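Chain E: place on chain W using the hints.
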Amino acid sequence: MATKQLAASPVKKVAGNLSKYGIYIAFVVMCVFFSIFNPLFLTPGNIINIVRQVSFNAILAMGMTMVIITGGIDLSVGSVLALAAVITASFVKTANPLLPVPVALLIGLLIGAACGLFNGYVITKGKLAPFIVTMVMMTMARGAAQLFTKGRPVTGLLESFDFLGAGFILRIPVPIYILALVVIISHFILSCTKTGRYIYAVGGNEQAAAASGIKVRRVKLVVYTFSGVMSALVGIILTARLNSASPVLGNGYELDAIAATVIGGASMDGGKGKVIGTLVGALIIGTISNGLDILNVSAYWQQIIKGIIILVAVLLDKKD
Amino acid sequence: MAYLQLQGISKFFHGVRALNQVSVEIERGEIHVLIGENGAGKSTLMKIVAGLYQQDEGTILLDGQEVRFGGPLDAIQHHISMIHQELMPIPYLTVAENIFLGREPLNKAGLLDKKKLIAQAEELFQMIGIDIDPRTEMRRLSVAQIQLVEIAKAVSFNSQVLIMDEPTSAISDKEIEKLYKLIFKLKADGVAIVFISHKLDEIFRVADKITVLRDGDFIGTKPASELDKDTLISMMIGRDLTNIYYKEPVPIGEPVLEVRNLTKAGLFEDISFTLHQNEILGIAGLMGAGRTELVETIFGMRSADSGQILIKGKEVSIKCPTDAQKNGLALIPEDRKKLGLDLKDSTGFNISLCDLNEFNRCGMIDKKTEAARVDDMIREMNVKVTSRKSPVVSLSGGNQQKVVLAKWLMTAPDILIMDEPTRGIDIGAKTEIYKLITKLAQQGKSVIMVSSELPEVIGMSDRVLVLCAGHLTGELTGEQINQQDIMRCATNQVASVH
Numbered sequence: 001m002a003t004k005q006l007a008a009s010p011v012k013k014v015a016g017n018l019s020k021y022g023i024y025i026a027f028v029v030m031c032v033f034f035s036i037f038n039p040l041f042l043t044p045g046n047i048i049n050i051v052r053q054v055s056f057n058a059i060l061a062m063g064m065t066m067v068i069i070t071g072g073i074d075l076s077v078g079s080v081l082a083l084a085a086v087i088t089a090s091f092v093k094t095a096n097p098l099l100p101v102p103v104a105l106l107i108g109l110l111i112g113a114a115c116g117l118f119n120g121y122v123i124t125k126g127k128l129a130p131f132i133v134t135m136v137m138m139t140m141a142r143g144a145a146q147l148f149t150k151g152r153p154v155t156g157l158l159e160s161f162d163f164l165g166a167g168f169i170l171r172i173p174v175p176i177y178i179l180a181l182v183v184i185i186s187h188f189i190l191s192c193t194k195t196g197r198y199i200y201a202v203g204g205n206e207q208a209a210a211a212s213g214i215k216v217r218r219v220k221l222v223v224y225t226f227s228g229v230m231s232a233l234v235g236i237i238l239t240a241r242l243n244s245a246s247p248v249l250g251n252g253y254e255l256d257a258i259a260a261t262v263i264g265g266a267s268m269d270g271g272k273g274k275v276i277g278t279l280v281g282a283l284i285i286g287t288i289s290n291g292l293d294i295l296n297v298s299a300y301w302q303q304i305i306k307g308i309i310i311l312v313a314v315l316l317d318k319k320d
Numbered sequence: 321m322a323y324l325q326l327q328g329i330s331k332f333f334h335g336v337r338a339l340n341q342v343s344v345e346i347e348r349g350e351i352h353v354l355i356g357e358n359g360a361g362k363s364t365l366m367k368i369v370a371g372l373y374q375q376d377e378g379t380i381l382l383d384g385q386e387v388r389f390g391g392p393l394d395a396i397q398h399h400i401s402m403i404h405q406e407l408m409p410i411p412y413l414t415v416a417e418n419i420f421l422g423r424e425p426l427n428k429a430g431l432l433d434k435k436k437l438i439a440q441a442e443e444l445f446q447m448i449g450i451d452i453d454p455r456t457e458m459r460r461l462s463v464a465q466i467q468l469v470e471i472a473k474a475v476s477f478n479s480q481v482l483i484m485d486e487p488t489s490a491i492s493d494k495e496i497e498k499l500y501k502l503i504f505k506l507k508a509d510g511v512a513i514v515f516i517s518h519k520l521d522e523i524f525r526v527a528d529k530i531t532v533l534r535d536g537d538f539i540g541t542k543p544a545s546e547l548d549k550d551t552l553i554s555m556m557i558g559r560d561l562t563n564i565y566y567k568e569p570v571p572i573g574e575p576v577l578e579v580r581n582l583t584k585a586g587l588f589e590d591i592s593f594t595l596h597q598n599e600i601l602g603i604a605g606l607m608g609a610g611r612t613e614l615v616e617t618i619f620g621m622r623s624a625d626s627g628q629i630l631i632k633g634k635e636v637s638i639k640c641p642t643d644a645q646k647n648g649l650a651l652i653p654e655d656r657k658k659l660g661l662d663l664k665d666s667t668g669f670n671i672s673l674c675d676l677n678e679f680n681r682c683g684m685i686d687k688k689t690e691a692a693r694v695d696d697m698i699r700e701m702n703v704k705v706t707s708r709k710s711p712v713v714s715l716s717g718g719n720q721q722k723v724v725l726a727k728w729l730m731t732a733p734d735i736l737i738m739d740e741p742t743r744g745i746d747i748g749a750k751t752e753i754y755k756l757i758t759k760l761a762q763q764g765k766s767v768i769m770v771s772s773e774l775p776e777v778i779g780m781s782d783r784v785l786v787l788c789a790g791h792l793t794g795e796l797t798g799e800q801i802n803q804q805d806i807m808r809c810a811t812n813q814v815a816s817v818h
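Quick note, the sequences are listed as chains W and E, same order.
Anchor point for the first sequence: position 280 equals 280 in the numbering used here, and the numbering is continuous, going up by one each time.
Anchor point for the second sequence: position 468 equals 788 in the numbering used here, and the numbering is continuous, going up by one each time.
Bound conformation, chain W alone:
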């Protein structure tokens, strides 16, 4: 009996750690797997390529992580991204630059902030489900972007603007620097500030948080606004990279951002989630696409495989 128990406990411990570090292990295994089958996978060029591609989703996912930790969801990120993109782009056309680039950027970010603030305001004031409110914003912001551009992409933008999306510093693409900055800021907010604690507390037990003197409403306004700003930021970088802003930009991006957050260990019930987890979640999604591309797996299969990976990640997390 006793020996049996002794034998069982380390196994249990390993299993526990496996689920705790599951996504990190899965990520490493995946990288090893792809590099065995294709030596091109682990080259600096491809790695940079992956991280740049991932950066857009990962930045969105940082905002999503905060929202999901409070127990909410933000479906509007893809549309808010497009709205901020087309408006910013319209100010920096080569033919007729209306505003200096920094001012245009600021306005773009403010549009994102305003959309997020609206989400937070309606959710808290109207006591409505975040799913519904952000879905409404998703529709409205997309419509507004279409209306603003009459359905046509805004093209021909200033070269100084393109730097944000297409530029390099020390041979590394600018979006990667922006991603790093956003990750550091998000991590700082969640683990080092009072607001971060309150974000976890609101998601952990909203009623108890309120009874503890936490201004729950303010916390929610902060996270939705942050998510809006992240959306706008991605809209701007994408526009700069493509040198054009289409009103259909970012369609469906909310789902990848949610997927990255969930793979990263956040709970849809709130109270749980980590910036680093989400970052790895986004990297996993990006790596699958890239690796399967290199292995010539069809896009249809890729979607199925992505679905399976999300499912496994969530099931593993449940056991924890």
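Honestly, the hints are just simulated from the structure, not real lab data.
Remember, predicted model here, so these are calculated numbers, not experimental data.
A portion of the hints provided could be inaccurate.
Once the Cα atoms are required to be at most 25 angstroms apart in a straight line, the calculated DSS-like pairs of lysine-lysine come out as [said to hold, decoys possible]:
hint, chain 1, residue 1, chain 2, residue 2
1, E, Lys658, W, Lys125
2, E, Lys658, W, Lys194
3, E, Lys759, E, Lys646
4, E, Lys657, W, Lys127
5, E, Lys519, E, Lys507
For chain E alone, coordinates are given in the frame of chain W:
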């Protein structure tokens, strides 16, 4: 031989004894009232009979046969139904659909036969004399009507034992009459009825027999005709005061909190009182008297309709718990799992949550100082936990309660409001909490202690306020603080708030 026999039933929750060797016999065609203070074990005993809990010891005999129920469905199949205090109707289904949920009549094609469903419900209502249209959606009904529907449902299961947990606590006098009529009819039909109640007047009106429980112990069963109110009260409360209350007299100081004419329609009316420095003010009353609502209003969790709150002589406006905290108030809530703790996070996370401003250095939390303070608090409060990083959900009830106390003591409040501070915790933790309360009073803090446990109120309070149906029905000091006087005030039938 009695139809339903409970023999030596015991039940433990997390090692705490809720029922101790309780034996009760219930006959067909009798109304058997179960009475006792809050926490006496009435509901637990009946939930065992209804299959919601399983007893740890003892046997249940139904019509001479031993039975053991795996779940409520088992009990229903043995014709035992329970009408809970909290009714659980499905709001958007009709009355008929609610009654026959899970046993809907089907037509030949295997689809719902709605006509037959309505007809069955109408037939049932006619039989027992209920006047409700079975096509109505459940959410349109009053609490009393829902109760009648629940009883009808029990009848439709051909229930021979009907258990009702405080059925009259939330309904008007007129509706109570209708309920009685139905109950008396069922009794005449030979149904055994168990009726849990707090209302002494009501008990003598309906009861054939009365069983008293106290602290999980069986005290006695007697025919109602052999009892009177005073005997009943002394059976309910008559226990020795064991000396676990570390109350030491402290000179009472200046007024710190004054509540003037505080009113919230439907909950409490015109409540005025003063709390002094160094004072422990007990608030007693039965369940539903409005005690929790009153203190939650003072703490800004609910808004009052009218009235004033003064702190140290100055009128203050407390609109939310943040305002209350700024004014030096702390509230230890009644339901620690719902309002006191974030069960998804660690012990330390919970302890420092209310007081993060103290550790704020240029927007960053100084985690080192925070950890040191939290560890101090864990030691000071004697919270039994491996580390501050342990999840708070893994702690016992008593230790969780200490975490809630620690969390609020971190804010260094002047006035502590404790709502049922020792509910559901073991005797050791209770003793520690009593010592703490005494120490706080000695340190110059003021304490409001809402409690349903009379010995605790009597053992700890300098002064006791008693609420009954939202009214302040007594303010007792000195010799007046005894069980008889408190119970008399608590059952005082003042015109109810409506």
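Structure-based check of all given hints:
Our distance criterion of 25 angstroms between C-alpha atoms is met by E:Lys658 and W:Lys125, whose separation comes to about 22 angstroms. For the proposed pair E:Lys658 and W:Lys194, the alpha carbon gap of about 22 angstroms is at most 25 angstroms, so the pair holds. For the given pair, E:Lys759 sits about 23 angstroms from E:Lys646 by alpha-carbon distance, which is consistent with the 25 angstroms threshold. Under the criterion of a C-alpha separation no larger than 25 angstroms, the hint pairing E:Lys657 with W:Lys127 is consistent with the structure, at around 23 angstroms.
Pair hint E:Lys519 plus E:Lys507 holds up; C-alpha atoms about 20 angstroms apart against a cutoff of 25 angstroms.
The structure agrees with every numbered hint stated previously.
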